[in-house]
Amino acid sequence: MYDVQKIRKDFPILSRKVYDKPLVYLDNAATTQKPRQVIQALVDYYEGYNANVHRGVHALSQEATERYEEARGKVARFIGAESPDEIIWTRNASESLNLVAYTWAQENIREGDEIVVTPYEHHSNLVPWQKVARDKGASLRILPMREEDNSLDMERVDEFITPRTKLLAVVHMSNGIGIINPVEELARRARAVGATVLIDATQSAPHLPVDVQGLDCDFLTLSGHKMLGPTGIGALYGRREILERMEPFLRGGEMVLEVWYDRATWNDLPMKFEAGTPNIADAIGFGAAIDYLEAVGMENVRDHEIALTAHALEAFKELEEEIDVFGPRDPERRGAIISFHSDIVHPHDLGTFLDRDGIAVRTGHHCTMPLMRELGVIATARASCYLYNTEEEIDALVDSVKRALRYFSDGAG
Amino acid sequence: MNDLRDLYAEVVMDHNRRPRNFKRIEGADREAEGFNPLCGDQISLYLNLDDGGAISDIGYVAAGCAISKAAASMMSEAVKGRSSADARKVIDGFRLLLTRKAGDDFDYEILGDLEILEGVSSYPTRIKCATLPIHTLASALSEKKNGAVSTE
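Chains as they are written, first to last, in my numbering: chain Z, -19 to 393; chain P, 66 to 217.
For reference, chain Z alone in the conformation it holds in the complex (with noise of 0.2 Å):
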């Protein structure tokens, strides 16, 4: 029985007040809130075995490392990856897309080749890869949407995924609007063209079982604040065959392995990839974050959210009139995230007053401007539920979007 009262216990921040009102967080999709376990986790390291890792042969140095590496494990085992070595630590899911754009693109990526994204990339998922298509002569190519219901239209993927196709590099799930792109799917006939394919699992892992073996992707960008963890602290896997074969990205201490005046020698994975002291105490959080999430299950996570979405649509559709709510109607095909848009109130006058009754919500273009721009509108409100959500909060969320749609028509003053 999934017990989400017991659950927002574990929370400290939400029995906060905002402007006198009980806080209704659902800007999740931006960053997620920390269970004391995670907090704790932090404060333990800090208090109780504070040293650099890889480096000591005193007590501290081995104890930082054990429970360092055994974060990266619990990483690797999480996304069901075969070694923990084929997890690399980076700041965020930005820094492990650029890694692989600056140092597996940058060898492999020739002219003529083509770049396959989705019309639902996240900036990070995005610009990195204009640059690799204009520093190598290569191109982009933008996967097409369904305007029904904001979908991709899987009937023309194979217009885009051609022999040409050298990349496929696709959103799991959307920050901007909540679909789950069929990412299996597009990996496989990626696949079938030898192309390589990477998974922007940002949005997704924190949300639903991820499997880097059922995807049969090379690459996944994961990142620690966005599923519980701490901020700074992002991972990418890759599949060990092609690591090995990578040239390093930074370059300094600890991911070399001997170093003479005119040239060095690269330690093995992950810490080729690894140079300078790490994030010892987020990737420790980051670990313990993993732990909360399997203890409360993948799988009621996301049956929990699927529920929320029922509940938010449904809720929404008294409002059908006013407000359009971007993406599919079935929650099984997307995210608990609402984002939405009303000709009445301007997204951004409507997070001011929605903020004033302690809901807080992202309102913006969530760096996806090209899908904001698919969709013809500028911006959206957009909602974004995690496992610690109510349906009484979405029913508070609904409310105030009313008051907010009449205070802005009728006028104000």
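The hints are simulated quantities; they were obtained by calculation from the structure and are not laboratory data. In this text, a Cβ means the ideal position worked out from N, Cα and C, and glycines have one as well. Careful, some of the hints might be misleading.
Which bits of chain P does chain Z cover? Going by a derived footprint, with three or more residues having C-beta under 8 Å, they are [claimed, not checked]:
hint, stretch
1, 98 to 107
2, 182 to 194
If we take Cβ atoms under 10 Å as the criterion, some of the chain Z residues that face chain P in the derived model are [to be verified]:
hint, residue
3, H326
4, H328
5, L330
6, G331
7, T332
8, T343
Label pairs and their in silico Cβ distance ranges [what the hints assert, rightly or not]:
hint, chain 1, residue 1, chain 2, residue 2, range
9, P, S148, Z, E298, 47 to 55 Å
10, Z, A290, P, D68, 30 to 38 Å
11, Z, D323, P, E142, 21 to 29 Å
12, P, R89, Z, E298, 33 to 41 Å
Add chain P to chain Z, keeping to what the hints say.
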């Protein structure tokens, strides 16, 4: 209670619903584009200047929130027919107003309806909405023939 009156005063809502001088001016003497990357708000501003450099006509096409649209509308009224020196006083004055740096001897008169946007200073996340049109005007009045500004 959800009291947003210091932000959305009646005058602001009126300018938002019926923006004054909302028009494109073909072949304008000066044009500038303003863009707020935070929220995606955009404004295209057009000025015609007479021989003495005064603003003989002003128009803009804007897509944005109530605050940015109202600010553009109020600004257009405040500077239309003014000398470029007076327009600069409006620009500087409005910036002082929103950063709460306006002194006791501050000349509110010249700002016209813009003065009401002083309330925005209590909403730090919305200040850029209010200042986008004024930044764009400053760009249009600068030496460049066509300018583009960003609030970031």
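Here is what the structure says about each hint:
no.: 1; hint: 98 to 107; result: holds (count 5)
no.: 2; hint: 182 to 194; result: holds (count 4)
no.: 3; hint: H326; result: 4 Å, holds
no.: 4; hint: H328; result: 4 Å, holds
no.: 5; hint: L330; result: 9 Å, holds
no.: 6; hint: G331; result: 8 Å, holds
no.: 7; hint: T332; result: 6 Å, holds
no.: 8; hint: T343; result: 7 Å, holds
no.: 9; hint: P:S148 - Z:E298: 47 to 55 Å; result: 54 Å, holds
no.: 10; hint: Z:A290 - P:D68: 30 to 38 Å; result: 34 Å, holds
no.: 11; hint: Z:D323 - P:E142: 21 to 29 Å; result: 25 Å, holds
no.: 12; hint: P:R89 - Z:E298: 33 to 41 Å; result: 38 Å, holds
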